[in-house]
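Undergrad: Take a look at the letters that make up each chain.
There are 2 protein chains.
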Amino acid sequence: MPRGVMQSVEDCQIAILGAGLIGASWAALFVHHGASVRVWDPSAEALQDLEGRMAGPLAQLCDLSSGAAATGRVSQCNALEEAIADADLIQENAPENVALKHELYARVEPLLKPGAILASSTSALTWSELAPGLAQPDCLITAHPFNPPHLVPLVEIYGRDAARLERAEAIYSAAGRVPVRLKKDATGHIANRLASALWREAVHMVAEDIADVAAIDAALVHGPGLRWSTIGAHLAYHLGGGDAGMAGYLAHLGPSQERRWATLGNPTLTPELCAALVDGVLTEAYGRDIKTLERQRDDALIAALKARK
Amino acid sequence: MPRGVMQSVEDCQIAILGAGLIGASWAALFVHHGASVRVWDPSAEALQDLEGRMAGPLAQLCDLSSGAAATGRVSQCNALEEAIADADLIQENAPENVALKHELYARVEPLLKPGAILASSTSALTWSELAPGLAQPDCLITAHPFNPPHLVPLVEIYGRDAARLERAEAIYSAAGRVPVRLKKDATGHIANRLASALWREAVHMVAEDIADVAAIDAALVHGPGLRWSTIGAHLAYHLGGGDAGMAGYLAHLGPSQERRWATLGNPTLTPELCAALVDGVLTEAYGRDIKTLERQRDDALIAALKARK
Numbered sequence: 049m050p051r052g053v054m055q056s057v058e059d060c061q062i063a064i065l066g067a068g069l070i071g072a073s074w075a076a077l078f079v080h081h082g083a084s085v086r087v088w089d090p091s092a093e094a095l096q097d098l099e100g101r102m103a104g105p106l107a108q109l110c111d112l113s114s115g116a117a118a119t120g121r122v123s124q125c126n127a128l129e130e131a132i133a134d135a136d137l138i139q140e141n142a143p144e145n146v147a148l149k150h151e152l153y154a155r156v157e158p159l160l161k162p163g164a165i166l167a168s169s170t171s172a173l174t175w176s177e178l179a180p181g182l183a184q185p186d187c188l189i190t191a192h193p194f195n196p197p198h199l200v201p202l203v204e205i206y207g208r209d210a211a212r213l214e215r216a217e218a219i220y221s222a223a224g225r226v227p228v229r230l231k232k233d234a235t236g237h238i239a240n241r242l243a244s245a246l247w248r249e250a251v252h253m254v255a256e257d258i259a260d261v262a263a264i265d266a267a268l269v270h271g272p273g274l275r276w277s278t279i280g281a282h283l284a285y286h287l288g289g290g291d292a293g294m295a296g297y298l299a300h301l302g303p304s305q306e307r308r309w310a311t312l313g314n315p316t317l318t319p320e321l322c323a324a325l326v327d328g329v330l331t332e333a334y335g336r337d338i339k340t341l342e343r344q345r346d347d348a349l350i351a352a353l354k355a356r357k
Numbered sequence: 049m050p051r052g053v054m055q056s057v058e059d060c061q062i063a064i065l066g067a068g069l070i071g072a073s074w075a076a077l078f079v080h081h082g083a084s085v086r087v088w089d090p091s092a093e094a095l096q097d098l099e100g101r102m103a104g105p106l107a108q109l110c111d112l113s114s115g116a117a118a119t120g121r122v123s124q125c126n127a128l129e130e131a132i133a134d135a136d137l138i139q140e141n142a143p144e145n146v147a148l149k150h151e152l153y154a155r156v157e158p159l160l161k162p163g164a165i166l167a168s169s170t171s172a173l174t175w176s177e178l179a180p181g182l183a184q185p186d187c188l189i190t191a192h193p194f195n196p197p198h199l200v201p202l203v204e205i206y207g208r209d210a211a212r213l214e215r216a217e218a219i220y221s222a223a224g225r226v227p228v229r230l231k232k233d234a235t236g237h238i239a240n241r242l243a244s245a246l247w248r249e250a251v252h253m254v255a256e257d258i259a260d261v262a263a264i265d266a267a268l269v270h271g272p273g274l275r276w277s278t279i280g281a282h283l284a285y286h287l288g289g290g291d292a293g294m295a296g297y298l299a300h301l302g303p304s305q306e307r308r309w310a311t312l313g314n315p316t317l318t319p320e321l322c323a324a325l326v327d328g329v330l331t332e333a334y335g336r337d338i339k340t341l342e343r344q345r346d347d348a349l350i351a352a353l354k355a356r357k
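Respectively, the protein sequence lines represent chains A and B.
According to the working numbering, the residues represented by the first sequence are 49 to 357, in order.
According to the working numbering, the residues represented by the second sequence are 49 to 357, in order.
Be careful, since some hints might not be right.
For chains that are exact copies, the list does not tell them apart, and a pair is met inside one copy or across any two.
Straight-line distance between alpha carbons at most 30 Å, and here's what the computed BS3-like set of lysine-lysine pairs gives [to be verified]:
id, residue 1, residue 2
1, Lys339, Lys357
2, Lys339, Lys354
3, Lys232, Lys339
4, Lys231, Lys161
Bear in mind the hints are in silico, worked out from the structure with no lab data behind them.
On a predicted model such as this, the values are computed, not experimentally measured, just so you know.
Next comes chain A alone, as it looks inside the complex (with noise of 0.2 Å):
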């Protein structure tokens, strides 16, 4: 994947421009690998918040390069100038709306570098949308994390200009993680596309009662979700073809596959659907809150991490 030779980001500056959850995860990210790292963002407060927020994925990625500690260093940064100066990468993690991200990349235009990057973790908007924003959109790929960014290895890619792009997919990589390119912008990238299709299903199951929200989460787990933690779809389907592979897999089976995705549903998420999701959740997490819940993702995901190495 990674196209470039880049070996670390010790030589990088990158700007980090929100010191939200996401922006912090970043943030965490490029630090522990040794980065010099400018966070802005346009309130003090959450500024002042970017140490603790980042204090827990650091201890999470010190755990999981088996204690070795951050090498790079951060810096808070209240003017957006002092951010950007000579930043190789600014990864923006604004809301997700599209003029608020214009009106940003019409301050950030003309402090970039010549070659900078300008990279949106955006995950509802794509780069056609957030272009107009631009006088020169060659400076702006997409560059979308999959929660939480320091602990998934995913970002998704896509942008016009391939001199930037493998500058991009080469800093992430040294960073740990797999950059994946989209050939064309998509709604949803690729990632939370398949995220969607697959969740459409899991709702259909729970809306004509087939399955527990529970049962429904413990088949995936237990099940695809851990092969595809192993191996992707396409290529799973490959190996279902026996010797023949993908082609005796569509020769013997495409036809049912096609018949199978005509029996799947599409649900409405009418009131009394979203009461069975929320009631399916809730016994599911019997009595974990939400910080509980994200400890054990976080967690698992670590030891998952650790046993790919």
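Given the coordinates of chain A, work out where chain B should sit on it, guided by the hints.
TA: Just chain B now, with coordinates in the frame of chain A:
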């Protein structure tokens, strides 16, 4: 999940009908966990190859349990009567053909001891399609493993007799499986419905040239697949709602999920699209043959399962 109290399967007599890959995987699993296993297959040749087919799974199970060797025993039966006599659980792995399974059930039923469980590994068929093959369908459950059955813990269960369902869950749990119960008979059970829904969108993205086959697989393995190996889709959206959990998620992002669902694809497996899928997986496989890919998947599964302990 496990509702029974069985701590081991050492006192269980297990019959495996069908000595192919799935049957051999089940046999290895139960033998590893200490059960007495009798395997029958209508083909003497398949029966002769059983030991060879069990060798790999037995070695992997030994590896998974830190070197502990199998404590059960296996015997090959040329007569169906011999395999089924005294069996508590009969795991049926016949080809996915209703008429053929009905014929087999007509031979099996008179041989069952009182309370015995006839469990079908069927992937494509439902309990309702199989039940007419029996005079007393109460003895039948569907118990669908996820490939490869000796490694992936999920077993999806449906049946009508509460006592047999509980005993089956206790037996599978004692063999290290995670039984998940369906409330209603459904084609594809839970996991293959989820997998089919996800793959439809993965195929759609290839059809629309949004990303390469290998990129889509990489996004899954390093993004949602990894996360779904630690937390289910429903619970993940519960965390996505912040302190308000699923209720907050649905209130704020339910409408945008419905809009996303409306943009998901519904591809047709045309010859051109099939060719693109075959080309794509071959590029992703990068010269690795099916055997090599299977071994790499299994190694990764074993590492992931060890990390769960």
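Undergrad: Classify it for me, Lys339 with Lys357: is the Cα-Cα distance of at most 30 Å met within a copy, between copies, both or neither?
TA: Classified as both: same-chain Cα gap 27 Å, cross-chain 22 Å, threshold 30 Å.
Undergrad: Please work out whether the CA atoms of Lys339 and Lys354 approach to 30 Å or closer within one copy, between two copies, in both situations, or in neither?
TA: Both ways: Lys339 and Lys354 sit 22 Å apart in one copy and 25 Å across, limit 30 Å.
Undergrad: Please work out whether the CA atoms of Lys232 and Lys339 approach to 30 Å or closer within one copy, between two copies, in both situations, or in neither?
TA: neither (37 Å within a copy, 33 Å between copies)
Undergrad: Go through the copies and call it for Lys231 and Lys161: within, between, both or neither, with a Cα cutoff of 30 Å.
TA: For Lys231 and Lys161, only the intra-copy Cα distance (27 Å) is at most 30 Å; the inter-copy one is 60 Å.
The structure shown violates just one earlier hint, number 3.
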